[in-house]
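Q: These protein sequence lines map, in sequence, to chains A and B.
Using full-length UniProt numbering, the letters of the first sequence correspond one by one to residues 1 to 380.
Using full-length UniProt numbering, the letters of the second sequence correspond one by one to residues 1 to 142.
For the record, the hints were derived by calculation from the structure and aren't laboratory data.
One should not assume that every hint holds.
[To be verified] Restraint-style ranges between C-beta atoms, simulated for each label pair:
1) B/Phe67 - A/Glu349: 36 to 42 Å
2) B/Asn130 - A/His298: 46 to 52 Å
3) B/Arg46 - A/Met248: 18 to 24 Å
4) A/Thr89 - B/Ser81: 51 to 57 Å
5) A/Thr89 - B/His28: 33 to 39 Å
6) A/Lys115 - B/Gly113: 31 to 37 Å
7) B/Asp76 - A/Asp307: 48 to 54 Å
8) B/Pro84 - A/Gln271: 41 to 47 Å
9) A/Lys195 - B/Gln37: 36 to 42 Å
10) A/Gly94 - B/Gly113: 52 to 58 Å
11) B/Gln27 - A/Met248: 17 to 23 Å
[Stated by the list, open to error] In silico DSSO-like cross-links for lysine-lysine, where the CA-CA straight-line distance does not exceed 27 Å:
12) A/Lys195 - B/Lys70
13) A/Lys260 - A/Lys227
14) B/Lys70 - A/Lys115
[As the list claims (entries may be wrong)] One-sided excerpt, in silico: chain B residues whose CB lies under 7 Å from chain A:
15) Cys42
16) Lys58
17) Thr63
18) Phe82
19) Pro93
Just so you know, even glycine gets a beta-carbon here, dropped at the ideal spot from N, CA and C.
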Amino acid sequence: MDVAIIGIGLHPFGRSPELTGQQQGANAVRAALADAGLQWKDMQFAYGGSQDGGNADALVNELGLTGLQFTNIWNGCATGGSSLHAAYTAIKSGEYDMGVVVGFDKHPRGAFNPKPSDWGLDNWYGESGMMLTTQFFAMKTQRYMHDHGITNDALIRVAEKAFYNGSLTSTAWRREALSYEQIANSQMVSDPLRKYMFCSPAEGGAALILCNADIARRYTRKPVLLKAAAVRTRHYGSFEVFSPSQPMQVADAPTVTASKAAFELAGIGPQEVDVLQLQDTDSGTEVIHMAENGFCEHGEQEQLLRDGATRIDGAMPVNTDGGCLANGEPVGASGLRQVHEICVQLRGEGGNRQVPGSPKVGYTHVYGAPGISGVNILTV
Amino acid sequence: MTSQIAIQEGLFSWPSDHPELLGSRCQHCGEASFPSQPDCRCCGQRDTQIVSLGHRGKLWTWTIQSFMPKPPYATDETAESFTPYGVGYVEMPGGVRVEGRIQLNPAAPLTIGMPLDLVVEPLRTDADGNQIMMFSFKPVEE
Chain A
1 MDVAIIGIGL
11 HPFGRSPELT
21 GQQQGANAVR
31 AALADAGLQW
41 KDMQFAYGGS
51 QDGGNADALV
61 NELGLTGLQF
71 TNIWNGCATG
81 GSSLHAAYTA
91 IKSGEYDMGV
101 VVGFDKHPRG
111 AFNPKPSDWG
121 LDNWYGESGM
131 MLTTQFFAMK
141 TQRYMHDHGI
151 TNDALIRVAE
161 KAFYNGSLTS
171 TAWRREALSY
181 EQIANSQMVS
191 DPLRKYMFCS
201 PAEGGAALIL
211 CNADIARRYT
221 RKPVLLKAAA
231 VRTRHYGSFE
241 VFSPSQPMQV
251 ADAPTVTASK
261 AAFELAGIGP
271 QEVDVLQLQD
281 TDSGTEVIHM
291 AENGFCEHGE
301 QEQLLRDGAT
311 RIDGAMPVNT
321 DGGCLANGEP
331 VGASGLRQVH
341 EICVQLRGEG
351 GNRQVPGSPK
361 VGYTHVYGAP
371 GISGVNILTV
Chain B
1 MTSQIAIQEG
11 LFSWPSDHPE
21 LLGSRCQHCG
31 EASFPSQPDC
41 RCCGQRDTQI
51 VSLGHRGKLW
61 TWTIQSFMPK
71 PPYATDETAE
81 SFTPYGVGYV
91 EMPGGVRVEG
101 RIQLNPAAPL
111 TIGMPLDLVV
121 EPLRTDADGN
131 QIMMFSFKPV
141 EE
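Using the sequences plus the hints, can you model the full thing?
A: Here it is in structure tokens:
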């Protein structure tokens, strides 16, 4: 039995000063229900989460007190991936036929400032100025460039593509394309990453309606099948965010293990994927994630980016809606936004950002603190 | 009478004229950890001992923090007086890469593989006038 996505909804990403995070999440659910032609009372279960927007299960106050099972999920940047995985297993197990996943957030401006104790760390680590996600991504990129011959050119091209794709996406936050020179000359934030190479904490909501694929055609002419959902945490030896120290021995990143598990589950290989969403909190990690997810060898990204392979009309389109760079990062919502965009592409509804050639297989990937990754594979 | 107090007990030997980083080593698998912990994140056993990780290491990766972090960052700096600082992972002789602040020196730009020495210096002054001491690294002066 397969699991199908029959409804998708977003509340636009960026800033919604008049709305709470929960209201943005509820808007996304309403949009997904409308897309599926269903009502809130039809939902048998819900999984959802946010970092700074409050409890997801409080959405019932807006959507209706129908008595459904509503479980809150919190898994850092993988919150959306974990919610979707929970829904996937709930339907696969046969316990439920239909439900919803929702993610939303509303972050203050500026870099995240996590509390060390929430992550099992002592206060000195934050007080001394080392608990910043931006530093980790910069240091991982710095080492990766050293080891695999990646240059600034690749980092600039990732951002250039992201903002171009964002300019084609009505729900994106950053909708202005930026030139290569604007990105290359933007302020250095955390060497080697510049201002336009980082995403910013933002607001937004995303929701998906899922059901047993056997009944999906009652609700939509084009169900998207969720062929695999895998979430993995770090192994001893992988280089992770919020780590006061790191072992000398080297292990695969959680992205690598989640990706392999998902491909195995789906019975599909990277070469069969037509459209991708890779976590791009910054330019460097998109470059790294291309290889960690199995779509190229380490070091090949430089040439692939120069050849335009990851553009909408390229051989492996990445982040066709502009990714986190153009949409911003509402932590609870981003992972589901990725799946939303893949559904848009597989349904052929991308408009001026539609990947040509009727894509059949899509892929999404999130990575987050403190070393967690979620991968989904979708088909039509 | 004010004094110099370590930001946290057990991160480095203090007080000391020649401070060293302190960590833990698993008595089963031999893996080292910083800061020290009673359990081993490699093999999961609970038999570790405090060991010195040394005072000179090699830079494994780095970045420069160019804007003043929000709290819980706690120094005596203001938005006006903030100066960018380096952050990196340093391979220590004790067999673990330790994350630390790195003092920037225009004459010795940060490069992967460069040797660095441990230093312990004041990070801030507390309400009683005590200096809160934190470890960092600086390029080796020959």
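Q: Now, for every hint given, state plainly whether the structure supports it.
A: Against the structure, the hints come out as follows:
Distance hint check for B/Phe67 and A/Glu349: the Cβ-Cβ separation is about 40 Å, which falls inside the suggested range of 36 to 42 Å. Distance hint for B/Asn130 and A/His298: a CB-CB separation of about 48 Å, consistent with the stated range 46 to 52 Å. The beta-carbon spacing between B/Arg46 and A/Met248, approximately 22 Å, falls within the hinted interval of 18 to 24 Å. Judged by the Cβ atoms, the range 51 to 57 Å given for A/Thr89 and B/Ser81 holds: they are separated by roughly 53 Å.
Checking the proposed 33 to 39 Å range against A/Thr89 and B/His28 shows it holds: the Cβ atoms sit about 35 Å from each other. Range check, A/Lys115 to B/Gly113: about 34 Å between beta-carbon atoms, so the 31 to 37 Å window is met. For the pair B/Asp76 and A/Asp307, the supplied restraint of 48 to 54 Å holds, since their beta-carbon distance comes to about 51 Å. Under the hint 41 to 47 Å, the C-beta atoms of B/Pro84 and A/Gln271, about 44 Å apart, fit the expected range.
For the pair A/Lys195 and B/Gln37, the beta carbons lie near 37 Å from each other, so the given range of 36 to 42 Å is met. Checked against the hint of 52 to 58 Å, the pair A/Gly94 and B/Gly113 passes, with Cβ atoms roughly 56 Å apart. Our hint of 17 to 23 Å for B/Gln27 and A/Met248 holds, since their Cβ atoms are close to 18 Å apart. Pair hint A/Lys195 plus B/Lys70 holds up; C-alpha atoms about 18 Å apart against a cutoff of 27 Å.
With a C-alpha separation of about 14 Å, the suggested pairing of A/Lys260 with A/Lys227 holds against the 27 Å cut-off. With a C-alpha separation of about 11 Å, the suggested pairing of B/Lys70 with A/Lys115 holds against the 27 Å cut-off. With a least beta-carbon distance of about 5 Å to chain A, the hint placing B/Cys42 at the interface is held under the 7 Å criterion. For B/Lys58, the interface hint is violated, the least distance from its beta-carbon to any beta-carbon of chain A being 11 Å, above 7 Å.
Among the interface hints, the one on B/Thr63 holds; its C-beta lies about 4 Å from the nearest C-beta in chain A, closer than the 7 Å criterion. For B/Phe82, the interface hint is violated, the least distance from its beta-carbon to any beta-carbon of chain A being 10 Å, above 7 Å. For B/Pro93, the suggested interface contact is broken, since its CB lies about 11 Å from the closest CB of chain A, more than 7 Å.
Hint check: violations occur at hints 16, 18, 19; the rest are consistent with the structure.
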